Amino acid sequence: MKFEAPVAVTEIAAYIGAELVGNSQLMATGINEIHKVTPGDISFVDFEKYYNASLQSAATIIIINKKVDCPEGKALLVLDDPFSAYVKLVKRFRPFEPATKAISDSAVIGEGTVIQPNVFIGNHVRIGSNCVIHPNVTIYDHCIIGNNVVIHAGTVLGADAFYFKKRAEREVMYDKLLSCGRVIIEDDVELGAGCTIDKGVSGDTIIGRGTKLDNMIHVGHGTVIGKNVLIAAQVGIAGKAHIEDNVILWGQVGVNKDLTIGKGAVVLAQSGVPGNLEAGKVYFGTPSEEARNRKKEITWIKRIPEIWEKVKDLK
Amino acid sequence: MKFEAPVAVTEIAAYIGAELVGNSQLMATGINEIHKVTPGDISFVDFEKYYNASLQSAATIIIINKKVDCPEGKALLVLDDPFSAYVKLVKRFRPFEPATKAISDSAVIGEGTVIQPNVFIGNHVRIGSNCVIHPNVTIYDHCIIGNNVVIHAGTVLGADAFYFKKRAEREVMYDKLLSCGRVIIEDDVELGAGCTIDKGVSGDTIIGRGTKLDNMIHVGHGTVIGKNVLIAAQVGIAGKAHIEDNVILWGQVGVNKDLTIGKGAVVLAQSGVPGNLEAGKVYFGTPSEEARNRKKEITWIKRIPEIWEKVKDLK
Amino acid sequence: MKFEAPVAVTEIAAYIGAELVGNSQLMATGINEIHKVTPGDISFVDFEKYYNASLQSAATIIIINKKVDCPEGKALLVLDDPFSAYVKLVKRFRPFEPATKAISDSAVIGEGTVIQPNVFIGNHVRIGSNCVIHPNVTIYDHCIIGNNVVIHAGTVLGADAFYFKKRAEREVMYDKLLSCGRVIIEDDVELGAGCTIDKGVSGDTIIGRGTKLDNMIHVGHGTVIGKNVLIAAQVGIAGKAHIEDNVILWGQVGVNKDLTIGKGAVVLAQSGVPGNLEAGKVYFGTPSEEARNRKKEITWIKRIPEIWEKVKDLK
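Respectively, the protein sequence lines represent chains A, B and C.
Count the first sequence with the working numbering and you get residues 1 to 315, in order.
Count the second sequence with the working numbering and you get residues 1 to 315, in order.
Count the third sequence with the working numbering and you get residues 1 to 315, in order.
Nothing false has been slipped in among the hints.
With the Cβ distance kept under 8 angstroms, some of the chain B side facing chain A (calculated, not the full set):
1. Asn136
2. Glu190
3. Lys212
4. Asp214
5. Met216
6. Ala269
7. Pro305
Here are the computed lysine to aspartate or glutamate pairs in the EDC-like style, where the Cα-Cα straight-line distance is at most 20 angstroms:
8. B/Lys227 - B/Asp187
9. C/Lys166 - A/Asp245
10. B/Lys315 - A/Asp313
11. A/Lys312 - B/Asp313
12. C/Lys165 - C/Asp81
13. B/Lys2 - B/Glu97
14. B/Lys302 - A/Glu289
15. C/Lys296 - A/Glu297
16. A/Lys302 - C/Glu306
17. B/Lys176 - B/Asp80
Everything labelled a hint here was simulated from the structure, so no lab data went into it.
Being a predicted model, the structure only gives us computed values, none of them experimental.
A virtual CB, placed ideally from N, CA and C, is assigned to each residue, including glycine.
The whole structure should be built from the sequences, with the hints applied where relevant.
So, in structure tokens, the structure goes:
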């Protein structure tokens, strides 16, 4: 997420109550996750094992819970609870703006686009030309939709990431990381009915040009789906997955977070994908493996009684 | 379900056309299912094998299809079709009240709660303070929502239980048990987009304090979910399940009805839970078993060809 | 799909720019898929291996990409791209009509039917008597709903078929086949919350009398579900499946396209059905097989370590 205008790091430090270490002349240009940061961004880290990755990332300003050596040209904002400081920044720079009407005056809608009744379009939404948005669709604030996009009824774009920090000592144990990312739907995408595409935590959830989703598909926060991808009904994709171009996911497939499904891979129905899949291959099963291997396994399982007949009298 | 005021058992008997056996001075205070009844409640039973459980339950008034001995201090309402008599009572004491507007005048909404556009809030709904109800949410009559609750777009609270009696002799075979229970969402709960939480048949469906649901989660009638439970996207939980505190259900898990998942248990993605699970353990597979055992099985399956090589020449 | 009035085949030929071969006096009465065509219908074929089936079907007019012998009394419309010609006809004869209000003036709604707030009812919809349509339901144009039907909140009837032709040479690779079929819900059906029932490509998607669906069920284009069928939550059924009377599908089952599940068959939870199932049997697993066989397999898998103990010292 980028700020509307750069903010002095000193102002950030004062706002969250952090000790500023390093370059105090810096201007922050946005907030982002460690794997998506660009120069000017603020990021946060609260686990020692991620300190190095954070400090060496492109982030210019790092909110951190230990006073470590500050890399040249960067700034550290040191305090006890970086997570809460981050949430405080999101609340300030991307505050929730309750709607005053069903289609926000700040939304920009292109020529030839049809908005059917009972649609909600939030603040700062941009929709391209020649789209059809069917009834009862919800488009949260800041979503961006390209041209020639069709969104079927009841679909929801931009709900919050499902992302919580466990605070075992609290009565309400799960502490929510407020999301400030967006949903971006590129040109010529079709989304079926009853889908939910969550916004990114601080980066964007993206559905690439020409990709087609059937009904009731869940796409988690920050997931990036390539071009000309085909996804059948009731597929669920967790957060920060990367689905490359031309992939096909058949019905009810489940995809874990933080993985890559390579270009042109095909995942057969009801499979569960726990980790990366190579490009161009066909997968099946939970956990998924190459379909030809999984099918051999199914055949082997049916031969266990035959094996038993051969060995049952052995001592 | 409790009546607004007690009703004489003689009035109930006359209304449903039952023979009254036992104490005719009783006042009925509500209607409930056999495993949730409290003194004063009416319950019904139409299978001989459940007679004893019903007669010995806390229910004070039992609608029954056979004239059996009436326990001391109770009343039996004897007629041929207890199911239909029960449905008749639900229609009378919890009638469907068509809405006259999108947000009922009888709904009570707390301070600081934001209701976004296109939300439906039914009759007698109560919503606490500092909640956010996102667009296109539907809250059926009689739902109760606590404080600091977030409900994302398109979610539906309080639709009818999926509960039918099979009447094989009829052209329309499935006879619906009308639901009169409620949905209760406790404080600090977050519900993702596109979830459906059904009302109880006569008891309540409850989601405990601090519990967080991702998108497209189905919770069946009368299910009780504890505190600080985490449920990932596309999980389905059938009716009358009991999910204890601190349980984690990962994506696309399916949970059968009438079972208990013990405190802190974790069920890995796409697993199917057919029966009770012990507290504190990790489960995987369909049917689910302890994850470490299931993973060993997966390894063993891959060794069948090796076993075959050893035995193929045996006679 | 039937036209409002017959159209001369010569007019069709001119409109799509095809060479007319055969009987030029014919009148076209509608458009349909090869397995549903009736005399008077236009169908299309663009794969040589389906030529014979098309030419010998009941279709009277065939759009085809090769000039072959025309069967007696029929007409061929020959052009390079039958798929695009078909889409052009759908656009002309079943054009998308943007709504001017949430409940179309052209919709016909029967006596005693309750329409709750925030419902969308499209053009030319017909709804019978004594139905309840709960909030935030979307009913696309041309859907037909019988009497005594209950549709719970958020359900979507009549979204487009998920049906694309792959054009590998194009930048936007998937070319959409516009749907012109309908959704037909017969009497006494109940649909749970958050379901999506797609329209047929050119035929109809039908849910038979007395059938009951739980929440979040997906029914694909052109699927025909019989009478008194029971479908539990989160089941997904692909296009053109045929689910016969009295079938029961438990939760999260997935059903492939173009298959038949025989009368009274039962499919246990989370199963995946790849092909036809026989009537009256119980099935389980992915891929589904008879439940008793699948349960034996699960037992055999647990015995592999025992077999290994017997053979591990064999050479």
